[in-house]
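Protein chains in written order, with my numbering: chain B, 1 to 371; chain C, 1001 to 1286; chain Z, 2001 to 2270.
These are calculated hints, taken from the structure and not from any lab test.
Each hint can be trusted.
Not the full set, but computed from the structure, chain Z residues with beta-carbon under 8 Å of chain B:
hint : residue
1    : L2166
2    : W2171
3    : A2175
4    : S2176
These numbers were taken from a predicted model, which means no experiment stands behind them.
Ideal Cβ positions, reconstructed from N, Cα and C, are used throughout, including at glycine.
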Amino acid sequence: MGDDLVVFDSVEKHFGSFTAVRSLDLKIQSGEFVALMGPSGCGKTTTLRMLAGLDTPSAGEIRLNGERINEVPAHRRQTPMVWQSLALFPFLNVRENVEFGLKMLAVPEQERRTRAMDWLDRMEIAQFSERHIEQLSGGQRQRVALARALVTEPSILLLDEPLSALDANLVIRMQGVLTRLQRSLGITFIYVTHSQSEAFAMADRVVIMNEGEIAQVGSSRDIYRNPANRFVAEFVGRNNILNGDVRAQPGQTGHNQRPVPDDCIEVKTSAGTFQAAFNGQPPGNGSAVTLVVGADLASVTAAQPDTSNHVRATVISEEFVGAVVTLFMETDDGTEFKVQLQQRELDKLELETGTGLWVSWDVANTHLIQA
Amino acid sequence: MPITDGRSSRLYAHLWRWPMPVWQLLFFLVPLCFMVLMSFWLVKNYRMEPAFVTANWEKMFSRGYFWNAYWRTLGLAGLTTLIATLLAFPAAYALSFKVSETVRRWIIFLLIIPFFTSFLVRIYAWQVILAESGVINAGLATLGIGPFTMLNTAFGTIIGYLTLTLPLVVILQTMSLSQVDRSLIEAAWNLGSSRVRTIATVILPLAKTGLIIGAVFCFILAFGDFVSPYYLGGSKPPTLSILIIDTTKSGQQWPRAAVVAITMIVTLLTVAFAAVALAYRSRVRR
Amino acid sequence: MHNKTTGRFSTWILRAYIALVLVFVFSPLLASMVFSFNSDRFPSLPLGEFTTHWYKAVWNNDAVPEALRNSVIVSLCSAVLGTFIGFCTAYTDYRYQFRGKALYLGLALLPPTIPLVIMGLAMLAWLSRAGLSGTLFAIIIAHTVMCAPFAMALIRLRLQQIDPNLEAAAWNLGASEWRTMRSVIIPFTRPSIIAALCLTAAVSFDEFAVAWFVSGLNKTVPVVILEILQGNVDPQINAIGTFVFIISITLVVITQLIVMKQNKGHRHGR
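Excised from the complex, chain B in its bound form:
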């Protein structure tokens, strides 16, 4: 670790009048597992394809191992990729598919065969080596695609939504396979996905992209707890998002006639006035801000709580996933709140649809985004 294996330096990509990627700056170290995540059309796949040489940057520079590769054709890059469609060669059998990359490197036949069989063995599909691709299951094909990409011992592996065609159980298993593989090989994985669960479960670092730009780079925890902007807060799901403007600074008198505590400011939103913690310089009164509260960090009570951040809301619907329940609630002014709690906590509340409850959360758990 420590060296920048891949550097994107102010990279842009235009397709006609459409800008797929704009001024992208990103450094990826060797041995890192990086996920590029975002909605479709955010530029994540284009970024990956530019690294593989399948698209040429319109501006900027891409460096691999410190060398500019903008002009290097795809077949000279050693950046193997696992495709969403897998793109296995249907006219070759499993072993011949895996041998393909070695054949292009002019590796002698005997060695080619040994190395291909080693990898098939490693992926636990050696017994299928002479089968045709169409005779394999989805999971087995996935393993062939991985073996085919890794057999040339590259220092980097690109993965373009490789698990999106698999069913849920298989996805979890393949996530395990991929994570173990990356740890044991110690090479860089760049993984493009639109799925949070895949990105958060596997990646050391997650890059969130939106409309061709990086919205945030950080660990899964960072992105989940401290979204850098409203887009990330919304994209990452289960967050309550409140827009408002700053009304009181630390020490000033707040809306409940008490002074606002240190390290806190008071923000007026359509649902009510709440306090939020801040780092560094507080935003001045009147400036527009967004408050983000994780659904799992909010709680509901029947009695009005004695905290500064609470609001009355009515239950609209409930969603059960295992023992975790998400309550979808609405305040009088129509602001939506989502609260996650354990099934047993819910049982204590004895609620029905339409029950009014108090939603509350800690000031410390109120994440502040300055516009």
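Go by the hints and put chains C and Z onto chain B.
Leaving out everything else, chains C and Z in the frame of chain B:
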């Protein structure tokens, strides 16, 4: 899109792109254009001379036999198109809705076979079958009917045209009918529409484009064919295709043959565009 | 509601009608085969005796071996050239977007819509200016023009089934574009290339109109048939026709088997 920059890439792309246009330009478009040019040339002592005279056009267009041939060809091809469309439809309907997919595929395969067998041999067989003392008349004689004159009549010509076109029309109609959504037909039945009415109100409008395309191909083939009118129709009075052959093969009057050919192409283009416009308009209206 | 019995009845009527259409389409073919073994010069009912006389006559006809040789040369050359041009066009259409592509494809697919007589006249006029008329080259050139669209259509259909990332996957694994053509595109399209070769060979082998216009003294088999036909009723035609039919049909059946297998494999792969 894959990268297309870099020298080898560009060379690679051009290698695949250019063979077709070069070949088709040299040996298809240029010959056709040359034919247009040639129609303005002069023939002196059985040799063509470059010129720009409209004499060939005037000569052909002022001749009664040219216009007779023109209307005769148009009429025969039009009649054949009508007959082929009507004859093909029940078969295409049955192939689309009354047989299994495997049977349909095999019958379509059977219908493709004639395209790759000598049309001449088939026409010759018809000559023998339709002759005054041929198989059909001999068969009818045992019933005490006939004999009928079928060879060297318009009937013979149309039999020849149908031999050429009917398989294609059935195939094209079947392809378009079998794409009609079955649930729409069942819905119509469910609503109490009779079979015949379902065909008229549901199936025909949906398959209209396909039916028109089948008819256009039928017209193009019949309009251009010279074998049927020559060997089954007795070549008199001639069709336009026979006119071209006679004018070319005897007398070296290539420029006049070119005039006939260009007239034919213009007619075909007009018919094809009109038909496509008809197919398209009916689709928009829906 | 529909009466089940009338429904079944009309179904059988319609099926019988299909059979009737097939009878119309195949009766001249079958008749010519039967007549080729029939002793009568003017075959009628009842049929004459069985004979192989007409085949012997063809065997001893000096024009036939020469014509057959010409036909084989012409159809082989036009099949190879037409399939090559068709492949290039199909691959270009599959792989590249460019301005004027509609026009490009129009040019590629136009030839079959031009009547053969007109094609023959235009070819004759142009190729005789180029000093080529009357040679086998002239027939090969003309047949290639007519064959390429069929080859293009068959190969394009196959390319329709390719995973759009397959080429990129090969580049990604270190294959240059040329290498990818050799080790990915050609193996993938091989069935359709073979099918196109068979189909275009069959088209060329049966084509008589254009060949008749431009061939001069180098006649192909269908041109010989045409000339016999112009002379008099001669059952030799049936014998040649049956022979040509067997060659063509073999080529077409091979094509059909390849196409069916390819479709089955594709459905299997889903």
